[in-house]
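**Student:** These are the residues of each chain, in order.
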Amino acid sequence: MSAIAVTQPAGMRPRRLTPARIGVYAFLIVTALFFLTPLYVMLVTSLKPMEEIRLGAILALPRAPTLEPWVKAWSAACTGLRCDGISVGFANSVKILVPSVVASIAVGSLTGYALSFWKVRGAGLLFGALMIVAFVPYQIFIYPLVRVFAFAGINNSILGIVLIHTIFGLPTMTLLFRNYFASLPQELFKAARVDGAGFFRIFWSVMLPMATPMLIVAVILQVTGIWNDFILGLIFAGRENLPMTVQLNNIVNSTQGERAYNVDMAATILTALVPLAVYFASGRWFVRGIAAGAVKG
Amino acid sequence: MPLVRHRTASRLAAGLALSPALLVLVVVYLGCTAWTVWISLTSSRMLPNSTFVGLRQYASLMGNERWQVSVANLAVFGSLFLIASLALGFLLAVAIDQRVRAENTLRSIFLYPYSMSFIVTGLVWQWLLNPSFGIEKMVRDFGFPSFRFDWIVRQDMVIYTLVFAAVWHAAGLVMAIMLAGLRGIDEDIWKATRIDGLPAWRVYLSIVIPMLGASFATAAVLLATSVVRLYDLSVAMTNGGPGVASEVPAKFVMDHLFERGNLGLATAAATSMLITVAAVVAPWLVWQSRRTRRAHA
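Which chain is which? The protein sequence lines are A and B, in order.
As numbered in UniProt numbering, the first sequence has no gaps in its residue numbers, which increase by one up to the final residue, 297.
As numbered in UniProt numbering, the second sequence has no gaps in its residue numbers, which increase by one up to the final residue, 297.
Please keep in mind that the hints were generated in silico from the structure rather than gathered at the bench.
Heads up, a few of these hints could be off.
Claimed, not checked - Here chain B is said to cover these stretches of chain A; the calculated rule only asks that three of the stretch's residues, wherever they fall, bring their Cβ under 8 Å from a Cβ of chain B: (1) 149-163; (2) 259-265.
Said to hold, decoys possible - So these bits of chain A aren't anywhere near chain B, every CB distance computed over 10 Å: (3) Pro49; (4) Cys78; (5) Val206; (6) Asp229; (7) Ala272.
Glycine included, every Cβ here is placed at the ideal spot set by N, Cα and C.
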């Protein structure tokens with residue numbers, strides 16, 4: 001029932017084309033233009049040669065469109081020291097993303113499952129504490145973590161950054177899955193137990209297949225979150241593995257001499273492409289994902 | 001008998017599955033927080049030492065001009081960003097809820113910035129607000145040669161440009177939360193107000209907004225925590241400049257940890273951030289848990 005309610009507008013029924021209605025459309029169109037302008041400017045800038053950019057008509061369409069900035073952004077832009085383009089960062093981001101998403105969801109879903117069906121002593125306390133720490137800024141943890149990671153010899157490595165994403169993804173992922181599993185009928189769990197299934201068997205063959213919607217939400221949340229991360233990658237990934245966001249910032253903000261704005265904008269679009277693709281491909285799931293991750297239960 | 005043994009094994013497995021979460025909670029979250037707070041009470045500079053100096057770091061933090069600017073910026077940015085995002089997000093949700101055409105397209109347009117990273121957002125707005133190429137130049141070329149919009153390079157105005165970018169990034173999220181809230185409102189309420197002949201703005205002001213209290217609170221807490229975490233956007237858009245005019249607390253911590261080698265001051269700043277977040281989140285968590293308990297009762 002509530003699902004139906006959500007899809008139906010609840011506002012006042014429109015009559016004819018009243019001044020109020022024209023006002024609504026005017027407001028929506030103006031705001032939509034404001035929201036679209038940056039994307040449009042990025043796109044046209046990335047297709048212009050520098051001579052056109054120097055003229056300063058930021059909204060003008062390119063007169064002699066060129067893909068050269070894109071090629072340069074991908075494979076030749078300089079990050080201060082090296083000139084291998086943003087493709088290095090792209091590869092690093094993928095290397096960080098895949099294991100981080102898998103590991104954080106694996107740990108989070110298992111923890112959420114253990115917290116929702118199994119009566120472990122202190123589970124409520126653990127859950128409450130995880131919920132609270134989800135809000136704490138990273139700055140509190142960063143210095144001790146750097147020291148511990150250095151001591152363990154996993155600083156500046158893919159393993160280190162994957163571990164970090166798993167650690168900081170744990171509260172949200174646990175919340176997501178615990179709340180989902182808590183909404184499933186308890187009988188399902190009891191039936192599986194009567195059939196003699198153990199802890200992991202129930203998780204793997206009953207609960208995880210039931211949790212497909214939550215898995216999708218979790219993947220969207222983690223893919224966009226980890227891809228867009230800047231601070232953790234900057235600190236923990238190490239110079240050799242810097243993710244795309246960090247490399248992008250280095251390309252744009254540490255260039256000497258005249259800046260190649262067209263290359264900068266092409267690199268910016270390339271960096272935004274993955275989350276944008278996730279967003280447009282997943283539609284409503286994205287909203288569910290951010291709402292679930294945001295509201296923290 | 002075998003069944004009992006089986007059950008004990010499963011119990012054990014449940015406890016085992018929770019051990020990573022427990023470990024992360026105790027070692028990473030609590031342990032690192034305690035370590036950070038402890039360092040903030042010592043005279044540590046480049047390297048941590050254990051000379052206890054009480055609250056001296058906090059005293060010098062309060063007297064630090066850059067920290068004062070950071071905190072003032074956070075207050076200005078935070079309040080404007082919160083008000084503007086909530087207002088714009090709410091208005092967008094109300095407008096979209098009027099059974100408009102192209103609803104899905106409009107929603108996608110308003111929300112897409114949220115999928116992109118703060119680094120991308122910051123770089124795009126840096127480009128748009130660039131006085132020699134961006135909006136200032138554009139308006140001048142339209143025939144207003146004395147038009148000035150150089151806020152991003154002005155010490156007294158730069159913080160407002162961060163608000164622009166952040167509202168562009170987050171207003172769509174508020175819209176999504178509000179729209180879900182609006183569509184959860186019973187159709188009968190609208191019928192009743194129409195029978196009473198209440199004008200639409202009265203209905204929104206005295207009935208709808210109070211009914212959306214939970215949505216507003218959720219969105220506000222969400223935005224507020226992202227305010228305290230604000231780091232990437234400042235780094236990408238202005239790198240804290242011009243001068244220190246767009247510094248924020250999170251950046252203060254990072255710079256003092258890794259560039260200026262002043263651990264005591266950095267950890268005192270980080271602890272202050274933690275206290276701020278706790279002051280925002282704690283009342284909300286209490287309110288939330290009361291609400292859910294009442295809902296279950």
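**Student:** If a hint holds in the structure, say so; if it does not, say that too.
**Tutor:** Hints, verified against the model:
1. With 0 residues bearing a CB less than 8 Å from a CB of chain B, the stretch 149-163 of chain A misses the requirement of three and the coverage assertion fails.
2. Counting residues of the stretch 259-265 of chain A whose CB lies closer than 8 Å to any CB of chain B gives 3, so the stated coverage by that chain holds, three being the minimum.
3. A cut-off of 10 Å between C-beta atoms confirms that Pro49(A) is not in contact with chain B; the least separation is 14 Å.
4. A cut-off of 10 Å between C-beta atoms confirms that Cys78(A) is not in contact with chain B; the least separation is 16 Å.
5. Every CB of chain B is more than 10 Å from the CB of Val206(A) (nearest about 13 Å), matching its label as outside the interface.
6. At the 10 Å boundary, the C-beta of Asp229(A) falls inside the reach of chain B, the nearest C-beta of that chain being 8 Å off.
7. For Ala272(A), the requirement that its beta carbon stay farther than 10 Å from each beta carbon of chain B is not met, with the minimum near 5 Å.
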